[in-house]
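Novice: Fit chain S to the given chain C structure using the hints.
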Amino acid sequence: KAGVTQTPRYLIKTRGQQVTLSCSPISGHRSVSWYQQTPGQGLQFLFEYFSETQRNKGNFPGRFSGRQFSNSRSEMNVSTLELGDSALYLCASSLDSGSVTDTQYFGPGTRLTVL
Amino acid sequence: KNEVEQSPQNLTAQEGEFITINCSYSVGISALHWLQQHPGGGIVSLFMLSSGKKKHGRLIATINIQEKHSSLHITASHPRDSAVYICAVLSNTGNQFYFGTGTSLTVIP
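Read top to bottom, the protein sequences are chains C and S.
Just so it is clear: in the first sequence, position 47 is 47 by this note's numbering, and no numbers are missing.
Just so it is clear: in the second sequence, position 66 is 66 by this note's numbering, and no numbers are missing.
Extracted from the complex, chain C is given alone in its bound form (with noise of 0.2 angstroms):
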């Protein structure tokens, strides 16, 4: 089976620009979580999107938005970019057969950077 992609692997913006990522999931899986990892703030969650509902989200303003597809793709939305935002941003999908410690596989990453 192929494992999590996303795209792109490496974006460059400037600030007050919009960006929108996308991860597609394992064949099969139905849940889909992103994340940002900064140095200073080291992984933090942002949401998690299940058939196509956002199920649990973090504490990361309204700028940062994300949808899931009925072919369980997801993509996530960051409008107005700050400064701050440069960060990999890593998607995670799961089989999510109903337990919530279901094992999470990792896609490489988005590495953006904000000019």
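Derived from the structure by calculation, the hints contain no laboratory data.
Be aware that one or more of the hints could be misleading.
[To be verified] Now the in silico label distances, taken between C-beta atoms and shown as ranges: (1) S/P109 to C/K57: 41 to 49 angstroms; (2) C/R9 to S/T106: 20 to 28 angstroms; (3) S/V44 to C/G28: 17 to 25 angstroms.
[Unchecked claim] Incomplete in silico selection of chain S near chain C, CB under 7 angstroms: (4) G41; (5) G42; (6) I43; (7) S45; (8) M48; (9) F97; (10) F99; (11) T101.
[Claimed, not checked] Which stretches of chain C does chain S cover? Using the computed rule of at least three CB atoms under 8 angstroms from a CB of chain S, they are: (12) 36-46; (13) 107-114.
None of the values given here were measured: they were computed from a predicted structure.
C-beta atoms are modelled at their ideal positions from N, C-alpha and C, and glycine is treated no differently.
Specialist: Chain S in isolation, oriented as in the chain C frame:
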């Protein structure tokens, strides 16, 4: 205060040594994950624990729910074990993930 604390922050070991990384958390949890991140960013989920102990090859993870503490042990460490190890907990209220700041492990041949 961080919901998840890891120690040590950095660790250097000689090849073959037994290694322990500790994780303490302050919230009620549904599960605890140990993650491994190699240079370049790729993250691998090593273990998911909700009780007891799990073993996979040279890796052993334990959790004590009453004490809110987990340990990751690496036996017969090898240079390829060099990575950042991150403890993550899934809270049982709000299904929120909290992460430790990671332990950077370097194993010297």
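Novice: Check each numbered hint from earlier against the structure, then list the numbers of those it violates in ascending order.
Specialist: No hint contradicted; all consistent.
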